Amino acid sequence: DSGVTQTPKHLITATGQRVTLRCSPRSGDLSVYWYQQSLDQGLQFLIQYYNGEERAKGNILERFSAQQFPDLHSELNLSSLELGDSALYFCASSETSGAPYEQYFGPGTRLTVT
Amino acid sequence: AQSVTQLDSQVPVFEEAPVELRCNYSSSVSVYLFWYVQYPNQGLQLLLKYLSGSTLVKGINGFEAEFNKSQTSFHLRKPSVHISDTAEYFCAVIAWGSGNTGKLIFGQGTTLQVKP
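For the record, the sequence lines run as chains A and B. Each residue of the first sequence is one higher than the last, beginning at 63 in my numbering. Each residue of the second sequence is one higher than the last, beginning at 651 in my numbering.
Keep in mind that the hints were calculated from the coordinates and are not lab data. Hints may contain errors.
[Said to hold, decoys possible] To give a feel for the contact side, a few chain B residues facing chain A, derived at Cβ under 7 Å: (1) G693; (2) L694; (3) L696; (4) F756; (5) Q758; (6) K765.
Here the structure is a predicted model, which means the values were calculated and not measured. Even glycine gets a Cβ: it sits at the ideal position worked out from N, Cα and C.
So here's chain A without its partners, still in its complex pose (with noise of 0.2 Å):
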């Protein structure tokens, strides 16, 4: 158990539709980043928050927007949903955001949309 939770683990929905993914991070860390994994990309960076504020984006679309929250949660909204954004989504905290510490993965959630 890494310490890191999301929800809900699978969703199903169709396409149109928008979604909400949560994510905790462990205790004590301040970054959250999220990950998109699908068959044909493989593994990619979204987005990541520190302590509340964007610090980082990757091959997210504009579809997509997330946030970090006081407590340090975070949501990962995807609209608009297409058949190609059926994945599996992974957050995943670090301690800092300013150097290389281990990333914390949490189990994912697997969005499937019909």
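Based on these hints, arrange chain B on the given structure of chain A.
Just chain B, lined up with the frame of chain A:
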């Protein structure tokens, strides 16, 4: 831009045999290197990491890796594998240059299939 290449998509091996999973990276700045393992229907677990110091690093479950700067490689090895090592293995890098954020750049993964 930084990139990671895992040279084998699948590696079949018999139980108790040695194994090497190959990883090469490309970066113009300092790098920190990681190997993660993903068991079926689970998240990613860190096997080992290279941040600095000795180029031979040891990790969990008997795995080790060697950082070779001149070859830009970070191959993962285990002298004797078990059925339970069957999983997907990911090599990843943090490129430490301007705009340091700690984001991981992953290779495409190598499926290790251990046969009895």
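Okay, the hints, checked on the actual structure:
Checking G693 of chain B against chain A by beta carbon gives a least distance of about 4 Å; that is within 7 Å, so the hint holds. Interface restraint check: L694 of chain B against chain A, minimum CB-CB distance 4 Å, threshold 7 Å, status holds. Taking 7 Å as the C-beta cut-off, the interface hint given for L696 of chain B holds, the closest approach to chain A being about 6 Å. Because the smallest distance between the Cβ of F756 of chain B and any Cβ of chain A comes to about 4 Å, under 7 Å, the interface hint for this residue holds.
With a least beta-carbon distance of about 5 Å to chain A, the hint placing Q758 of chain B at the interface is held under the 7 Å criterion. At about 24 Å, the closest approach between the beta carbon of K765 of chain B and any beta carbon in chain A exceeds 7 Å, and the interface hint on this residue is violated.
The structure fails hint 6 only (numbered hints given earlier).
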